[in-house]
Structures are given as C-alpha cells and as structure tokens.
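Let the sequences and hints guide you as you build the complete structure.
There are 2 protein chains.
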Amino acid sequence: MKPYENIRLDKDSTFHLYIQLYEKIREYILDEQIKEKEKLPPMRQLAELLSVNVVTVVKAYEMLEKEGYIYKKIGSGTFVTPRIGQEASDIASEKYPLDEDLRLMDRGQIQIKDHMYSFASATPTPDLFPVGDFQDLLNEVLNRDKGNAFGYQESQGYYALRESLVTYMKEYNIDTKTENIQIISGAQQGIDVIAKAFVNHGDVVILEKPTYSGAIATFKSRGAILVDVPMETDGIHISLLEESIKTHKPKVIYLMPNFQNPTGYSYSNEKKQKILTMAEKYNVLVIEDDYLSDLSFYDNNNTTLKSLDKKDLIIYIKSFSKIFMPGLRLGFLVLPTRAYHRILAAKHASDISTSGLIQRAFDLYLRKGIWKKHIHYMECIYRERFDIMKNVIEKYILPLGVQCQLPQGGLNFWLCLNEGYSSNQLYSRAAKKNVLLAPGSLFFTSENDSCCFRLSIAAIYPEEIEPAILILADVIQEYMGKGIERKNQNDSYSPLL
Amino acid sequence: MKPYENIRLDKDSTFHLYIQLYEKIREYILDEQIKEKEKLPPMRQLAELLSVNVVTVVKAYEMLEKEGYIYKKIGSGTFVTPRIGQEASDIASEKYPLDEDLRLMDRGQIQIKDHMYSFASATPTPDLFPVGDFQDLLNEVLNRDKGNAFGYQESQGYYALRESLVTYMKEYNIDTKTENIQIISGAQQGIDVIAKAFVNHGDVVILEKPTYSGAIATFKSRGAILVDVPMETDGIHISLLEESIKTHKPKVIYLMPNFQNPTGYSYSNEKKQKILTMAEKYNVLVIEDDYLSDLSFYDNNNTTLKSLDKKDLIIYIKSFSKIFMPGLRLGFLVLPTRAYHRILAAKHASDISTSGLIQRAFDLYLRKGIWKKHIHYMECIYRERFDIMKNVIEKYILPLGVQCQLPQGGLNFWLCLNEGYSSNQLYSRAAKKNVLLAPGSLFFTSENDSCCFRLSIAAIYPEEIEPAILILADVIQEYMGKGIERKNQNDSYSPLL
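The listed protein sequences correspond, in order, to chains A and B. With the working numbering, you'll find the first sequence wraps up at 885, consecutive numbering, no jumps. With the working numbering, you'll find the second sequence wraps up at 885, consecutive numbering, no jumps.
Calculated directly from the structure, the hints in this document are not laboratory data. Check before you lean on any hint, since a few could be wrong.
For chains that are exact copies, the list does not tell them apart, and a pair is met inside one copy or across any two.
[Claimed, not checked] Think about it this way: if two alpha-carbon atoms lie no more than 30 Å apart in a straight line, the pair counts; the simulated DSSO-like pairs of lysine-lysine are:
{"id": "1", "residue 1": "699", "residue 2": "423"}
{"id": "2", "residue 1": "662", "residue 2": "412"}
{"id": "3", "residue 1": "534", "residue 2": "427"}
{"id": "4", "residue 1": "637", "residue 2": "412"}
{"id": "5", "residue 1": "534", "residue 2": "760"}
{"id": "6", "residue 1": "699", "residue 2": "427"}
{"id": "7", "residue 1": "558", "residue 2": "699"}
{"id": "8", "residue 1": "669", "residue 2": "412"}
{"id": "9", "residue 1": "399", "residue 2": "608"}
{"id": "10", "residue 1": "425", "residue 2": "698"}
{"id": "11", "residue 1": "761", "residue 2": "534"}
{"id": "12", "residue 1": "427", "residue 2": "412"}
{"id": "13", "residue 1": "699", "residue 2": "412"}
{"id": "14", "residue 1": "821", "residue 2": "425"}
{"id": "15", "residue 1": "761", "residue 2": "821"}
{"id": "16", "residue 1": "534", "residue 2": "756"}
Following this line, the structure appears as structure tokens:
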C-alpha cells in the first residue's frame, strides 16, 4: 500500500497520533505521492497497517476532509480532492457533526451549537462573571496608574497583588509571604512554568489516573515519562504511589486533592498526611492544583495540602477560572522557598510577566473584599445545579447500571458504563441528540477509549439539567441495550427502575 | 576545601551557573555543612576550584548576601550569617549597588532608581502609551460583550482580531489569512510556543551572535543545542550560516532581520533573499522576530522576510511591546500552513488562550485606525531620541576609540571597547555614576563577558541623553585610560580628541 506503508507514527510524541497521520497524508497529497481523485485506503485497513486504533484514522481523515484535502463519496469511499481551488472547500463543507478535537473540550474550547446541552465544558457560563464590578475596577486602575498599568510588570508579579494574596490565603489557612508568591497567567501556565523549572527530557512525572488533560499535554511536551497511579474514591492509591516513587524517582508529582478533575473525588485527611510524609521522605516536589476547593457543598474535608504543609514541600497552584472568570488569565503559585529562582526564570522565559492591568484590577477586587460577595454568589449558583444534578443522576442514570461515586462538591461527576463499553461511542451517540459529555479518553495518558466519562455542571443552566439527563439516559439505555441485552430496544425500557 | 570540592555545576543546564552555585551553597548552609560564622572561600579561589569565571561566584555570593545567608566584613572576607533571624536581614540590607540579575535587564525587569539614566532597558517609558484611547476601547468592549469578554477565548485567538490583523499586515506587504494567524501573549511567548512545537531535547537551534537573551533562555530550556553564527553589519554571516545548516541540521533558525537586537543592524536585501533560498533548499523553519521594523528612520530597507516569502517558509513573530505597550501582553504569529496544528497545541498547553478582553480592545484599536495615529506619534518621539543619540555618540564616544556601526533606525546602539576590555566592568563603573547600560554578556549563548555593550533609547528622555552620554564618556575614558595607557588618569584627558 504505497506510500502509506512508509508512514511512521511516534507514540511518544507530544502530538496526537491522528495529527501526525493527518500531517503525513497531507504531505503526500501536496507533493502528489497521492494523486488527485485517488482513493484513500479504507480506515480500518489503514489502521491495521499502521497498528493504530481506527479512531486515529477517523480523526485524521476528518481533519483532512474539513480542510478540503479529501472528500467522501457515500457508498464508495474517500478520495483526494481535485486541485481546483474553490471546489475543494465546497466538498469539504459537508462535514461530520463530531468535534475535530475532543481534547479541546475539557477547557471549553469547543464550539457549542445552539440548542445543545453541554455537560462537556468545565467552564462557567459568561452570565456568571462579575463584569460590572470588574469594569469599575479597571477604570479605577487606569485613572490611578495611567501608563504604568501597561508597562512590564515584575516577572514575579505586581507587589501589591502579592500582598493581597497573602491576606486572601489566610482565609484558607495558608500562611505565606509575598516572596513565595508567583503570579501566573492562569493555572495551565502554572503547570507549564513548573514543568519548565523542574522537568527535563526523560524525567519521570507521576500523575493521578485519570487526570487533567492539560497537565498531560504539558508534561509530555517537556519530554517527560508519565507514570500514572489510580485514583480511588478517597484519593490516589497510596501504596501504589509509594511504590512508584521508589521505582521511578519522579521529579514531580501532580495532584488535585480536592474535587479531583475529572472524578470529583477528594482525598481523605489520612491520605493528605501521607502525601506530605512521602514528599519529605523521598524529597520529591508535589504540585497541588487547587482549582475548586472553594466549592465544598456538603463536606468540610476540603483542606488543602498546602495548609497542612509545615515543611515547605508543596507547590500550590490556585486558579480563578471556575470561581471568577476563566478569561482573566490570572492565577498564582505558592512556592517553597527553594523553588523560587527556578520558577522565576521559567516564568520569565514563558511570557516575561502577566498583564499588569489585570493584576492591578484584581488586587483591588481582593482588597475591597468584593470577592467574598462573589464567591458566595457562585456557591449558591453552583449548589443549585449540583443538587439537581445529583438528584437526576440518582433517579435516571444509576438505575441503568451506570457506576458513579457521587461527589461532595465541585462541578464534576464521573460515571462509568460497564467494562467493554466505549465512552467515545457514547459521546458520538449523545452528540447526535444534542447532549455533550466529556469521554474518559481525554483524561488518560495513553488509553484511546474508556468506559467512563465526565459530566460537568459549569456550563449548563439548572432548568436544562433534567431534560438533558433524560436524553442521556435514553442514549445510554439504547447503547447498553443494543450492546449486551439486545432484548428490548424501545426508549422507555429501563431494566432497573 | 570541604564541602565546596563536592560541588558539580552543569554548564548545559537551563539555569545559570551562578544560580546553581547559589542553590548549592545555600543548601550547605541550611543543613549546616557550612556552619554559622564560618568564613567562605575567597571568590577567586572558589572560581578556580570549580573552573568557572569569577563573575559566577560574585553573583552567587551576591544573591546569598541579599537573602541574608552570608555577609561581608570589609577587609576580612565573607561569612555565614548567625542563625538569629532578624539580624541576618539587617546585615544583608547593605548590599551591592549592582543588579542581582543582569539578564532581567534586557526587558526592563530591573528596578531603576530615581536619578538614574537608563540606556539598559529596551522598554518604552509609560508616558508614551495610548492609555486614554485604550481605556475607551476597553469600556466599549465591556459594554458590548459583557461576560463574553472574560470567557475562554479560542486558543488560536479572537476571530475578529485575526481578521483585523490580516488587514493590518497588508500595510506591511504581508498577505495572509485568518487561519494562518496565531494570537500570542507577547513575543516571548511566541518564541516559547514555537520552541514547544518544534524543538525537542538535543535538537539544534541556530541563532545570531549576539542575539536576544529571552530567545537564548527559551531554547536552552527546551534542552536544545545552541549554535550561533556571527552578525555582520549587513546581517548574519551567510556562508557560515549555510555551513552550520549543513553540519548541524537545525530544527529552527531564529533571526531578527530588521534592527537586530542588540546590534541594531539590518539585513541587506541580498541576505534576506539568501535566507529564503536556504530555508527552502534545506527545508528548515526560519523564525523572523519582527519587533521593530516599523521604526525605520533613514532607510527603506526594512522589508520583512515574511513579505518576501512566497513559499510559506517563515514563521513571523510580531510584538507590539515597543510600538504600543509592553504590558499589553499581546502579539501574533503568521504561520506557514504546515505549522498550524503543532503551534495551536503548544499554545493550548502554554496558557490555553490570550486574554479575550485585551484581544477585543486591540481589535477595535486596529479597526478604528487609531494605531496609525499612534505609530506616527511613536516614530516622531523615537526619531528625536535617535537623532540626539547618534549625534552625541559621534561627538563624545567614537573619538574615544569605541567602535560603533550607527544603525538606520530602531532603538539600539551596539558599541565595542577594544578587545580585552570588559563590558561587565564598564557596567559596574557606569552604574556607580548612575548610568545604566546593557553589558554584552547578556546577548551571548556562552560568553560570560564581552567588550561590547548595548545602549537603548527606549527608556530615556531626550533631554537626558547628552548628560548621560557625557558621564559615560568619562567612565569609558577613565576605564580605558587606566587599563592600557596608564599614562594619564585625569578625567579630561582624551587621547583622540
């Protein structure tokens, strides 16, 4: 099968296999190793030839089709588009309803169509943002500081904001100093900067399994070796973690101890203590990504590792994306003193400094205490959604035999179909009925599919939750019914109700 | 010399040797391998033991002193601070007038004291920023878009802004499309994202010699092997460049073809064409960092590589830091189509997206044509400074035997003392007289010192230029007089006048 048999895909690359495949085939088309109007191999056949999952080929073909390089003829296969300009994009305009890159979903990067119910995005809807307050503060800053608000800021961050954050942290029982605070342009940059400072090619990083897709991408991009340790409902599997530390001597361990993403599970206090003990014993840097500990609805177990950390072992990442506004592009790190210089150099090499204007406005937001009012407001909003969600999952989803350990707070619910079912498939089926979910494969370092999936309530309105879950229940039932039972395919059938 | 003889410094590390040394000695102090009140080895002796430049030890000691770990007793040496809290920082408060990290200077990260003349910073002064106009636009955006201005933006960038940039680029004879534009949080992030996308551990990157320190830091941080090719007054040394490409097969080549930083030199059209030919012939990605091509005062030779690039070979980085406001944290890339996917993934893993609010306001700034008025204003301002600077350098500095190829535009002047003189030394001497310059060592991949230095006019007012240059001329004369001639040390002596 020339030239396809020459394709070599690199599983260790930062780039998804389907992107590598897309690039390769496009190259062949552009330099005419594959001629115009030529038929491409059937997807399954190409997947076998390259020893990859068929999904990889599907996604590569989709991208090529979307960009007009190839087109499908119903019933006869996929062909290279003739080289006559406009015609190509006309053919391409009829494209799959599937999203081109599932991974972008996790942080709200997908285009959600009207009349879609989205449990996929963990990004709050714009109507929740304190825009009016913030606009007043922006103007206050500009009237006060004029051009200084647009000069370079110190790489470590605007001093007054670091002061405000020291005070803010006291409310969370974290005792720190301005010197130990590093301002970042959002939590994703926090992970990136830490990786730059401490993780080199070939170093081992330990992650939870499943974990946040953005962390996977960043550590992979550093050329790190990723080792994952399973999450249990009370936190990471401790003895496996210790074993992994001993075996692999990781440079860093990346954890989300409260309302973990995607599972929603929180660590028990016992496990939190054990993590601290291990961090000291094995002299390994632990990253605590705290994106949600503020949102505990039923449980006061949302102590952070950092608040328990008396020996300056933990790098703490705090994001305001879920509680304030994701577009702020602002967060901060609380650093062990020993980490300070490396982090500062890495931040400087990343983007020199975070927007001074936003830092100054957010400083006033904290100083004037407006944040307290807003956090309370967000708690109320999210708690309403959370309660409805819990109820309807219990009522409509769990009876179908779907597994879910309901969380005590946060925005995410992690559900699992029986072994052998595919959440990629479930995603496609649900998307056709206008319900979006986040398939489990997003959250694993290597698996291309999983029977689990995440539902998030950040971007769905309370009145949409029940209707959307009812649709999803139907889709699950139809899928599981077809797959295993095959006895009853009508929509109202529910074996466990 | 226990425990110092156990210190191993890694010259290939991302971290400067002095930071590694600082960390090591601090570790010894903290775990009491070096006891309180113990004398540290003389700097020269330690430098010999570790086979490093004495400057490395000086800077490490300075950092330790600044943080209170050690203190100096005049005439008797350097000692470990007794462990009694406050006392330490009292001792530490008498510190060198030298800046702790020269590298931070290049992008205005130093604290400039009052009554200092700064030729060191390449960052414009805040009074030049169009703050009023921008404030109006921010309000217009917030009133129009409300919360949407604070949601996640597309990783590739706000669509309307990409449209405006396509139009803006036409004024620079660059013909591109919205799909080929990637918004970034400033030029430094542009370099970082490109490095993430294309440079892996062990890959070769070719740079100009000297070059921008932020690029050196970023490529080093990727674990790249840096190969530098000398700059000539009409651009990079072309035959050495070709040889380097053949020998090293670089992943990328990083160039500033107009008003190069730090030299101020621009490439001849012939060299620009040759670069394009080589990029195609050797299939190597060329990065063009265009931070200043707008500021041509006397020469119309500021064509960009990208405008000549008919074969989609160049990645073009455009920053607005010098022309608009550095604190915008906004810039963009014009990408070859083949680079798009990798760049997008790298941007997403870096900080997900650039501030939507700033993107939206800047879009209006371009759409309403306000930028044209402002660029014209900046040209006038900078040209006045440029003319004065050229005159006073010709009048007071060149006659001292200092070499300088005066540039045709831009903000930087590159001057060289005779071989064997140290611009680090000159920096210290000038700083004591309140004149700051950027020593050449900032701009080299490996040299710790250089006889050359950079003077920038971005952050100095027109009326300060002549007095500051007069002081500098005195300092140079005293230094060069002492160093070589030794015959005449009185301040007014000038052998060539």
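message: Reference check for the pair residue 425 and residue 698, CA-CA at most 30 Å: within, between, both, or neither?
response: Answer is between; shortest inter-copy Cα gap is 27 Å, intra-copy 67 Å.
field: Alpha-carbon proximity between residue 761 and residue 821, which holds within one copy, between copies, both or neither at 30 Å
entry: The answer is neither: 38 Å in one copy and 52 Å across copies each exceed 30 Å.
task: Up to 30 Å between alpha-carbons, please classify residue 427 paired with residue 412: within, between, both or neither.
output: within (16 Å within a copy, 62 Å between copies)
task: At 30 Å max between alpha carbons, let me know whether residue 558 reaches residue 699 within a copy, between copies, both or neither.
output: within (17 Å within a copy, 57 Å between copies)
task: Classify it for me, residue 662 with residue 412: is the Cα-Cα distance of at most 30 Å met within a copy, between copies, both or neither?
output: The answer is between: 28 Å across copies meets 30 Å, while 47 Å in one copy does not.
task: First find the shortest C-alpha distance between residue 699 and residue 427 inside one copy, then the shortest across copies, and answer within, between, both or neither for a cut-off of 30 Å.
output: between (63 Å within a copy, 28 Å between copies)
query: For residue 534 vs residue 760, is the C-alpha pair at or below 30 Å within one copy, between two copies, both, or neither?
result: Intra 28 Å, inter 21 Å, cutoff 30 Å: intra and inter.
- prompt: Quick one: residue 637 to residue 412, C-alpha cut-off 30 Å, is that within a copy, between copies, both, or neither?
  reply: Between. Shortest inter-copy distance 21 Å satisfies the 30 Å Cα cut-off; intra-copy 36 Å does not.
Intra- versus inter-copy proximity for residue 423 and residue 699 (alpha-carbon distance at most 30 Å): between (64 Å within a copy, 21 Å between copies)
field: Within, between, both or neither, where residue 534 and residue 427 count as close if Cα-Cα is 30 Å or less
entry: Answer is neither; intra-copy 62 Å and inter-copy 49 Å both fail.
message: Please sort residue 669 with residue 412 into within, between, both or neither, judging by C-alpha distance up to 30 Å.
response: Between copies, since 20 Å is at most 30 Å while 47 Å is not.
task: Using 30 Å as the alpha carbon limit, work out where residue 821 and residue 425 are close: within a copy, between copies, both or neither.
output: Neither way: residue 821 and residue 425 sit 34 Å apart in one copy and 74 Å across, limit 30 Å.
Violation of the numbered hints given earlier is confined to hints 3, 14 and 15; the remaining hints are satisfied by the structure.
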